[in-house]
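Student: Here is how the chains run, residue by residue.
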Amino acid sequence: MTVAIPVTYNIRSVLVRWSSTLVTVLSIAGTVGVFIVMLAMAQGFRATLSSSGSNQNAIVIRGGAGSEMESALTLDQVKVIGDSPGVAHAEDGTPIVSGEVVVIANFPLSASGTDANVQVRGVSPFALEVRRNVRIVEGRFLKPGLTELVVGKNASTTYEGFELGSAVQFGGGTWTVVGIFEAGGSAFDSELWCDATVLNQVYKRPENIFQSTTAHLESPESFQQFKDAVTADPRLTVDVYREKAYYEQQSQFIQTLIRVLGAMVAFVMAVGAVFAALNTMYSAVAARSREIATLRALGFGAPAVMSSFLVEAILIALTGGVLGCLVALPFNGFTTGTMNWQTFSHLAFAFRVTPGILVAGLIFSVMMGVVGGLPPAVRAARLPVVVALREL
Amino acid sequence: MKYLHLIVKNLLRKKFRTFLTIGSFIVALFLFGLLNTIETAFNQVDLAGANRLVIRNKVSIIQPLPYSYRDQLKQIDGVDEVTYFVWFGGIYQDRKNFFPNFGVDPETALLVYPEYLIPDDQFEAFKSDRQGCIVGRDLVKRFGWKIGDRVPLEGTIWGGTWEFNVRAIYDVASKDMSSNEFWFHYDYLEERRPFFKGTVGWYGLTIDDPGQAVQVAEAIDNRFANSPWETKTETEKAFLTGWANQMGNIKLLILSIGAVVFFTLLLVTGNTMAISVRERTGEFAVLKTVGFTDRAVLSLIIAESICVAAVGGAIGLILAKAFTLRGDPTGGMLSVFNLPTSDIVTGFVLALTVGLVSGIIPGSYAMRMKVVDALRRV
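Line by line, the protein sequences are chains Z and L. Quick note on numbering: the first sequence equals residues -10 to 381 in this note's numbering. Quick note on numbering: the second sequence equals residues -12 to 365 in this note's numbering.
To be clear, the hints were calculated from the coordinates, so they are not data collected in a lab. Note that CB positions come from ideal geometry on N, CA and C, so glycine has one too. Worth double-checking, as some hints may not be accurate.
To be verified - Restraint ranges, calculated between C-beta atoms of paired labels, are given here:
| # | chain 1 | residue 1 | chain 2 | residue 2 | range |
| --- | --- | --- | --- | --- | --- |
| 1 | L | Gly131 | Z | Gly154 | 55 to 63 Å |
| 2 | L | Lys184 | Z | Arg124 | 51 to 59 Å |
| 3 | L | Leu(-1) | Z | Trp7 | 25 to 33 Å |
| 4 | Z | Asp222 | L | Asp81 | 23 to 31 Å |
| 5 | Z | Gln190 | L | Leu98 | 35 to 43 Å |
| 6 | Z | Ile125 | L | Thr333 | 48 to 56 Å |
| 7 | Z | Thr146 | L | Gly131 | 44 to 52 Å |
| 8 | L | Asp58 | Z | Lys193 | 21 to 29 Å |
| 9 | L | Ile134 | Z | Asn44 | 45 to 53 Å |
Required output: the full structure, derived from the provided sequences and hints.
Tutor: Written as structure tokens, this is what we have:
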């Protein structure tokens, strides 16, 4: 009764019916592959935006504006924000804040040649002190007052004409690329940075108007103190966010879109794969009725037969799951771009296949195996021994 | 046709297997419909008017253009009607309720965009109310608005609360087009906004001869070259393609998923047909013995397979269509959620092709087998 049928029996019978097993393995592999790629895409997009923000930075925008693009702050307000408690100071006592201007410029995508909206950020000289995750990897940082650009690593590869030293035309000015920076795969990697004041002039925007102010705080815990002071100040009508929270909220639209559509597609594919598994396992049971009856006659109990077939189905599904993971794995780091609707600008991001996602894919494949294997396994266990033995 | 009875009987013999194979087709074609619907939602390019140009600031779409360009545009050869828009970016109640809202020119908007269908009396009511607005049918469904409602939008670019009266509801001629826009008077915006006065966001215009689009676009950009506000003029199609390309290569992604699924489906059905033919080897030998030609046996098997494909494909596509009629599952993120009829036809043809191909392989095996060998087999 308690004797289990050895797994080698299952493996060998699976190999005998290799063609229909292969079909099931492939359909489960396809489903798991799509499932993983979709999750990796959503994860990559989220990671790109959330790694843009630091917990030790606070971003201030005009009250009611949803993003920097819609916001406006005057120079006076930027100074008030800089003097608020909780802001970190440089050695000479100046507050480490960056009043920034964000606009869009059009550049052709290298891939398709059509124009994309590139985010251009006018920064203050303190930008690198505020954003510790940004490093210049080639050339140097821009000098204030000059029409110089430093270019994010993704931007330099996604669009045409951003080699070090090249001249770039936009917004009625000619800019020189003096440096390329790396920002750890964050949204800044898709941006062009230049001097805020110069950008205002070139874009014919009102002088001394900024869109956001990012302040580097003394410590992540100073945020509440800073926020309370800034929101209570009668000279300011602003919203204050932790930089990390601000960027995470920006990723929500695309993330939900990818997740909902991805879940829908993966679910439908899963139903299809379960059908394939059911088909294979039922055929297996039908073709092996005599074998099953022989096993029963030898003394293996009904539960042993049932679990044997279930194990077989799960093995097939798991093989498919592993294959799906292997197929999806090369997508890790695959960089693509999409429109970030919160800023109307093009954003490059890399797919991220994390161990968690792979495990989720494997669990998904096992579930398909159980659903597709259980009914045929039950049938196998219920097979009347005498009738089956007599069958041709 | 006279063998129809035989085909049906054969299919009904192993009901559960037939059900599973039909099920695979249903799932695959349902998915096909779903993917095409998503693709249509992301790809609104085909709906662009061939005779329309879009003129924006050369720097970028968020930079405005002067209102005074309007009269100058009209003087350029080949230009027919000119209208303009301002992106307002207002929010209704919550940021999640996103929909595009523009300030428009009531006199010319419909001349350039005639596909927005509005009853005459409603349109007149809109024109005579400075705070009036025109809303799309989709928005009416989403928020339960009706004519006469007062709708507040929270300004993001120009702050404060802006109130509008729903005066007209527009429909669209094609189901592939969304109706989720919110139009209001440019003048109302202009009198209240503190900055960017005297500017518009972009111009849309019609031209007399679509064949001259490139020349007219060039003439416009040359006209405003070296001015403080240089322009970039494109056909509407190029303009929309630019946006679509920035969304990333959704089309490629969808096509690859589709290919994976179809390949799998082909394997599943091909495999099932093969099993079923192998099991019936003896029967086919008997059929041949009683006088069925090789060709007839082949056609029988193919017909069986196509039959399964047709039933499964039809059900799958009908389900997909029904699903899209229920509305957008993302809650308004996709502007359009509709499965075009042309895609339904393509899907059905694809299903039949898969049915044919997966019938041919086991069919030709049955056709070639020798009666004597087959009868001897246990």
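Student: The structure should be examined with respect to each hint, and the outcome stated for every one.
Tutor: Status of the hints after comparison with the structure:
1. Gly131/L to Gly154/Z: 55 to 63 Å: Holds, at about 59 Å.
2. Lys184/L to Arg124/Z: 51 to 59 Å: violated (43 Å)
3. Leu(-1)/L to Trp7/Z: 25 to 33 Å: holds (30 Å)
4. Asp222/Z to Asp81/L: 23 to 31 Å: holds (27 Å)
5. Gln190/Z to Leu98/L: 35 to 43 Å: holds (39 Å)
6. Ile125/Z to Thr333/L: 48 to 56 Å: For Thr333/L against Ile125/Z, whose Cβ atoms are near 52 Å apart, the range 48 to 56 Å holds.
7. Thr146/Z to Gly131/L: 44 to 52 Å: holds (48 Å)
8. Asp58/L to Lys193/Z: 21 to 29 Å: holds (22 Å)
9. Ile134/L to Asn44/Z: 45 to 53 Å: Once the Cβ atoms are compared, 50 Å apart, the range 45 to 53 Å for Asn44/Z and Ile134/L holds.
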